[in-house]
Amino acid sequence: MSASLDPVIHAPNRLQMCCMLAAVDTIDFATVREALDVSESVLSKHVKTLEESGYVKVRKAASEGRQRTWLSLSRPGREALRSHLAALKAMMAGVPEI
Amino acid sequence: MTRDEDALRMLAEVEAANADLAERAKAPVWYHPALGLLMGGLAAVEAAPLIWQYAYFPVFGLGIWLLVRAYIRKTGLWIYGFRAGRTRIVALSLALLCGGLAAMSGWLFHARRVVYAPLLTGAVIAVAATVGGLLWEAAFRADLRDGRGL
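Each protein sequence line maps, in turn, to chains L and V. With this note's numbering applied, the first sequence closes on residue 112, and no number is skipped along the way. With this note's numbering applied, the second sequence closes on residue 699, and no number is skipped along the way.
Treat the hints with care, as some may be off.
[Unchecked claim] Derived pair list, reagent style DMTMM-like, types lysine to aspartate or glutamate, alpha-carbon separation capped at 20 Å:
#, chain 1, residue 1, chain 2, residue 2
1, L, K74, V, D555
2, L, K103, V, E554
3, V, K623, L, E48
4, V, K575, L, D42
5, V, K623, L, D42
6, L, K103, V, E564
7, L, K103, V, D695
8, V, K575, V, E686
9, L, K103, V, E686
10, V, K575, L, E48
[What the hints assert, rightly or not] Have a look at the derived ranges for each label pair, beta carbon to beta carbon:
#, chain 1, residue 1, chain 2, residue 2, range
11, V, V680, L, A17, 37 to 43 Å
12, V, Y629, L, A76, 18 to 24 Å
13, L, S53, V, A691, 32 to 38 Å
[To be verified] Take a look, some chain V residues computed to stay more than 12 Å from chain L by CB distance:
#, residue
14, A571
15, L599
16, L611
17, L616
Since the hints were made in silico from the structure, they are not lab data. Don't be surprised by glycine CBs; every beta carbon is placed ideally from N, CA and C.
Input sequences plus hints: build the corresponding full structure.
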């Protein structure tokens, strides 16, 4: 099976977010927002898109008196990211190094 | 912008995100030594009377819970120690080393009556766990750099 670009992951913020999620078990919504330097509403939209595609799992939990949202990458999300990154690297074949 | 340039830009963004994550995932400086002391204590307490051995388990559990909480509070994330990549090799090696040392210590203490074996083993495990934790972090950063462990 050849790797292909995934339109759900292709948006830069969603790609960065999926890469972050792939490296960890779970990550706080606020931490991702700070890392990507985007507003809450923008990140919420990205999370919703990824969640609806089954790529991201969202869990809400009370912690130290406040509600926190935890994000993690699902197995289909991990496979889609792997395939997407492989496709990007394949596109890079023949591009001279900067 | 061509497709190739687009791909190049995207991969650069992935690298930037991974570099950012590598910084965020760094544990506080006292984290690994504290974990080492807790683990070393498990082996060392074998030399103590049974009541102290039982008393140490809740202390160990509480210590681990506090460490996890402190790490999550500082970094805003949690990483499974046995995640794929180089990190798994480090975590498995450390688990095998500490398990093996603890088993050897138990044998020396109970079968050969080497009374200082648990204390010595506890000290060695404390150092090994501290160094192992730092090695694990280095392995995690290396995994992020070359995309291993996806």
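Results for each hint:
1. K74(L) - D555(V): 35 Å, violated
2. K103(L) - E554(V): Answer holds: K103(L) to E554(V) is near 12 Å, not above 20 Å.
3. K623(V) - E48(L): Roughly 14 Å between the alpha carbons, so the hint for K623(V) and E48(L) holds.
4. K575(V) - D42(L): 16 Å, holds
5. K623(V) - D42(L): Holds, at about 11 Å.
6. K103(L) - E564(V): Holds. K103(L) to E564(V) sits at ~13 Å (cutoff 20 Å).
7. K103(L) - D695(V): Between K103(L) and D695(V) the Cα gap is close to 12 Å, so the pair holds against 20 Å.
8. K575(V) - E686(V): 7 Å, holds
9. K103(L) - E686(V): Given pair K103(L), E686(V) is violated - Cα atoms ~26 Å apart, limit 20 Å.
10. K575(V) - E48(L): 16 Å, holds
11. V680(V) - A17(L): 37 to 43 Å: Holds - the Cβ-Cβ distance for V680(V) and A17(L), about 38 Å, lies within 37 to 43 Å.
12. Y629(V) - A76(L): 18 to 24 Å: The hint (18 to 24 Å, Cβ to Cβ) holds, given that Y629(V) and A76(L) are roughly 22 Å apart.
13. S53(L) - A691(V): 32 to 38 Å: 33 Å, holds
14. A571: 9 Å, violated
15. L599: 36 Å, holds
16. L611: 17 Å, holds
17. L616: 15 Å, holds
Hints 1, 9 and 14 from the list above are not met by this structure, while the remaining hints are.
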